[in-house]
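Chemist: Residues per chain are reported as follows:
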Amino acid sequence: MLRFYCICIVFAALASCSERKEPAPVFHAEENPERLSDWGMLAETADELVISDGVTPYDLATPLFSDYALKLRTVWIPNGAPAAYNMDSVFDFPVGTIITKTFYYSVPSNEWTGDVTIGRERSVNGNAIALDHLRLIETRILVHRETGWAALPYIWNEEQTEAVLKRTGAVIPMTLHRGDGRTEEFGYLVPNVNQCAGCHASDATARVIEPIGLKARHLNKASSFAPGFNQLDYWLAKGLLTGGIAGPAPRNAVWTDESEPIEARARAYLDANCSHCHNPVGPADTSGLNLEPDAAGPALGVCKTPIAAGTGTGGRVFSIVPGDPEASITVFRMETDNPGAMMPELGRAVTHKEGVALVSEWIAAMDGECSRSG
Amino acid sequence: MMRLVLAVAAFTALAACGQKETAPAPGDESYQETLMAQLIDARSGDIIEIPAGRFAFDRSLSLTVDGVTIRGAGMDKSVLTFANQIAGAEGLLITASDFTIEDLAIEDTKGDALKISEGKNIVIRRVRTEWTTGPKTENGAYGIYPVQVENLLMEESVAIGASDAGLYIGQSKNVIIRNNRAEYNVAGIEIENTFDADVYGNVATNNTGGILVFNMPNLKQPGARTRVFNNEIYENNTKNFGHEGTPVASIPAGSGVVVNSNDQVEIFGNNIRDNKTANVIVASVFSSDIGDGDMSEDFDPYPEKIFVYDNMFEGGGDNPDGLELQALKLAIAGPMGRIPDVLWDGYMDPEASGPQDVLCVQNGEAKVLNVDGPNGNKSPRIAEPAIHDCAFEKLPAVELTEPLAE
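Those protein sequence lines, which keep their order, are chains A and B.
According to the numbering used here, the first sequence holds residues 1 to 374 in order.
According to the numbering used here, the second sequence holds residues 1 to 406 in order.
Derived by calculation from the structure, the hints in this document are not laboratory data.
From a predicted model like this one, the values you see are computed outputs, not experimental measurements.
Every residue gets a Cβ at the ideal spot worked out from N, C-alpha and C, and that includes glycine.
Watch out, some of these pointers could steer you wrong.
What the hints assert, rightly or not - When the alpha-carbon atoms are kept at most 20 Å apart in a straight line, the in silico SDA-like pairs for lysine to any residue are as follows: (1) 220(B) <-> 297(A); (2) 220(B) <-> 204(A); (3) 71(A) <-> 88(A); (4) 120(B) <-> 204(A); (5) 120(B) <-> 136(B); (6) 166(A) <-> 367(B); (7) 367(B) <-> 381(B); (8) 166(A) <-> 58(B); (9) 239(B) <-> 205(B); (10) 166(A) <-> 98(B); (11) 220(B) <-> 207(A); (12) 101(A) <-> 63(A); (13) 220(B) <-> 166(A); (14) 394(B) <-> 195(B).
Stated by the list, open to error - Just so you have them, the derived chain A footprint on chain B, three or more residues with Cβ under 8 Å: (15) 240-246; (16) 358-369.
As the list claims (entries may be wrong) - Under 7 Å between C-beta atoms, here's a sample of chain B residues computed to sit facing chain A: (17) 84; (18) 87; (19) 111; (20) 222.
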């Protein structure tokens with residue numbers, strides 16, 4: 001059996017070397033292939049990025065902001081081994097699972113100039129997205145091995161034909177064109193392998209890497225890829241997911257959906273952008289600030305003084321001052337682009353103005369006040 | 001090629017020494033990938049050697065593997081500069097146990113210089129962290145910053161220019177901080193929410209506050225049992241350049257040793273002199289901005305069992321920071337006088353039997369000024385010597401455990 005399996009891998013590798021057609025998913029149990037195509041998750045043709053058969057694209061109700069990069073997420077599990085449902089934590093994916101996240105931008109010119117715009121994610125037609133006026137930057141792999149999850153960053157080449165493993169990450173100079181005509185130069189950060197753990201080891205004591213977005217509350221939304229289905233229902237039907245879902249699955253709001261209450265949208269945003277560190281056992285538990293969906297009071301930051309924020313206070317006294325976003329440290333740390341003060345600490349170089357506006361609106365609508373003794 | 005690189009490095013190092021620099025000196029950028037790859041590939045038992053030279057980084061470094069040693073050629077020879085850093089909240093972030101770092105310098109990071117989070121058996125030896133353009137509010141917050149660690153030895157290190165604390169030990173257990181030097185930071189050395197810390201043989205000078213022992217609300221663990229002894233704590237009179245909202249921003253310039261809301265703190269055998277606000281301050285959270293806002297209910301805001309004895313006090317208290325303290329000094333001691341060596345804010349747990357639960361002073365002529373905080377400073381007074389003429393049981397020395405046992 002083992003021998004058969006090995007032959008399959010060799011065959012798949014050979015196939016990908018030749019004509020780049022019919023790529024098939026390959027689980028690399030130990031070695032880290034140099035090329036993204038060796039995983040067989042995605043294949044690039046002259047004008048399309050093609051998702052391989054059996055690989056499922058997905059998206060999140062409210063995603064992490066990454067300098068306005070657009071994202072294509074996929075998941076693949078080995079045959080017949082669905083993930084087990086958990087209500088609050090990451091689903092239990094079997095060994096062999098491969099998750100990809102491709103970061104790309106809308107660009108004004110098909111010639112790469114470093115100029116990027118704030119666009120919308122490309123819809124998947126059939127099993128591919130069109131590459132016209134689009135620049136692929138990097139694809140991150142999360143692979144579940146016997147030894148645990150491993151995170152690997154691949155950077156797309158100049159010709160956009162292949163992505164190559166770059167474990168030390170990179171900084172890619174870009175110019176962001178905001179919708180209002182203003183431009184900003186920034187360095188897009190591809191994290192190095194150790195930095196991947198900075199977010200993906202969301203229990204700082206266990207320090208075990210795991211996916212972040214693959215939780216019920218992030219995935220519980222209308223599917224963008226299977227019209228008419230709820231994404232969780234689609235996964236159940238497809239055999240990607242198993243387990244009794246007792247009662248309604250938790251659900252984060254879509255942060256841009258103005259029909260949802262502002263509090264739900266803001267809390268979904270803080271959850272997706274902050275709680276991988278700001279949770280009761282996370283790397284930011286040193287701060288006493290918890291931004292998971294069920295946090296409240298000082299733990300959530302309301303009238304909470306900082307512990308070790310340093311420059312990050314912005315001269316403000318409380319994390320959240322009800323009714324006063326401009327006096328709230330939370331808003332300062334989202335607005336600033338000083339690496340010593342900004343939040344999140346990694347993966348953002350420019351300000352997410354729409355996110356700041358959302359959290360500010362939520363704080364502005366809060367009742368209450370903070371007292372100062374000093 | 002290698003020789004050329006080294007020659008260039010030597011040249012820039014010379015240049016840095018030869019002039020009073022206004023901007024941080026540049027460094028060799030080619031080493032970033034090398035060191036980053038070594039940190040990623042590190043295995044337990046590895047020693048990563050950083051050669052002599054000045055090396056420039058544009059983003060933060062991190063290590064996640066237990067059992068690694070990072071060793072330079074000396075705190076003035078192997079210099080990692082982050083003056084052009086564009087990403088990362090610290091220079092070097094360690095999330096690992098059984099870690100040793102020694103003989104190197106980290107300069108001009110945008111955030112913290114060296115952060116070590118959640119590890120056991122940590123040794124930091126002869127490491128220098130510095131913001132090279134002087135004390136400035138824009139400087140990063142912490143120089144050397146172990147947090148939530150257990151069994152820690154920090155020795156012979158140097159911290160200069162941090163806009164919060166130079167050497168900051170937070171939420172930790174069983175630590176020895178000795179023979180270090182902290183200057184031109186807002187707080188020189190800060191022990192916060194930590195159990196069992198011995199702080200000795202250090203020099204803290206030209207900070208806003210020399211050595212701080214604090215407990216902060218809303219954290220997982222409080223702290224207690226810190227011994228501050230045989231240190232040189234003098235002329236900590238640098239204007240407070242911390243950020244408003246940070247706990248240290250409320251420290252008056254000219255503070256020698258400050259205890260805030262911590263319990264069982266022993267201050268003895270130190271040479272404490274010429275700290276212009278007061279040589280020793282004992283306060284509750286109610287006297288500082290850190291008491292603002294909401295506190296978790298189990299937080300104890302009162303300092304208790306603070307024992308000051310056998311220190312050498314000299315000068316200090318003669319020019320306190322801020323109008324209120326100036327007025328207080330005038331009222332208590334007149335224009336030529338000084339605030340006594342020990343200043344206490346006067347807050348006590350309502351359950352306490354009296355000041356002798358809070359503060360005992362066995363220190364020759366040293367006096368205690370009770371500023372009467374609970375009554376809005378209405379009747380500040382120099383305490384009758386008998387009030388604080390008491391003693392607490394002395395704390396045992398901190399013993400590092402295996403593998404750091406000495």
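Chemist: Are the hints correct? Go through all of them and say.
Modeler: Hints, verified against the model:
{"no.": "1", "hint": "220(B) <-> 297(A)", "result": "holds, 16 Å"}
{"no.": "2", "hint": "220(B) <-> 204(A)", "result": "holds, 14 Å"}
{"no.": "3", "hint": "71(A) <-> 88(A)", "result": "violated, 24 Å"}
{"no.": "4", "hint": "120(B) <-> 204(A)", "result": "holds, 13 Å"}
{"no.": "5", "hint": "120(B) <-> 136(B)", "result": "violated, 33 Å"}
{"no.": "6", "hint": "166(A) <-> 367(B)", "result": "violated, 64 Å"}
{"no.": "7", "hint": "367(B) <-> 381(B)", "result": "holds, 11 Å"}
{"no.": "8", "hint": "166(A) <-> 58(B)", "result": "holds, 17 Å"}
{"no.": "9", "hint": "239(B) <-> 205(B)", "result": "holds, 13 Å"}
{"no.": "10", "hint": "166(A) <-> 98(B)", "result": "violated, 28 Å"}
{"no.": "11", "hint": "220(B) <-> 207(A)", "result": "holds, 19 Å"}
{"no.": "12", "hint": "101(A) <-> 63(A)", "result": "holds, 12 Å"}
{"no.": "13", "hint": "220(B) <-> 166(A)", "result": "violated, 38 Å"}
{"no.": "14", "hint": "394(B) <-> 195(B)", "result": "holds, 15 Å"}
{"no.": "15", "hint": "240-246", "result": "holds (count 4)"}
{"no.": "16", "hint": "358-369", "result": "violated (count 0)"}
{"no.": "17", "hint": "84", "result": "violated, 11 Å"}
{"no.": "18", "hint": "87", "result": "holds, 5 Å"}
{"no.": "19", "hint": "111", "result": "holds, 3 Å"}
{"no.": "20", "hint": "222", "result": "violated, 12 Å"}
Checked against the numbered hints above, the structure breaks hints 3, 5, 6, 10, 13, 16, 17 and 20 and satisfies the rest.
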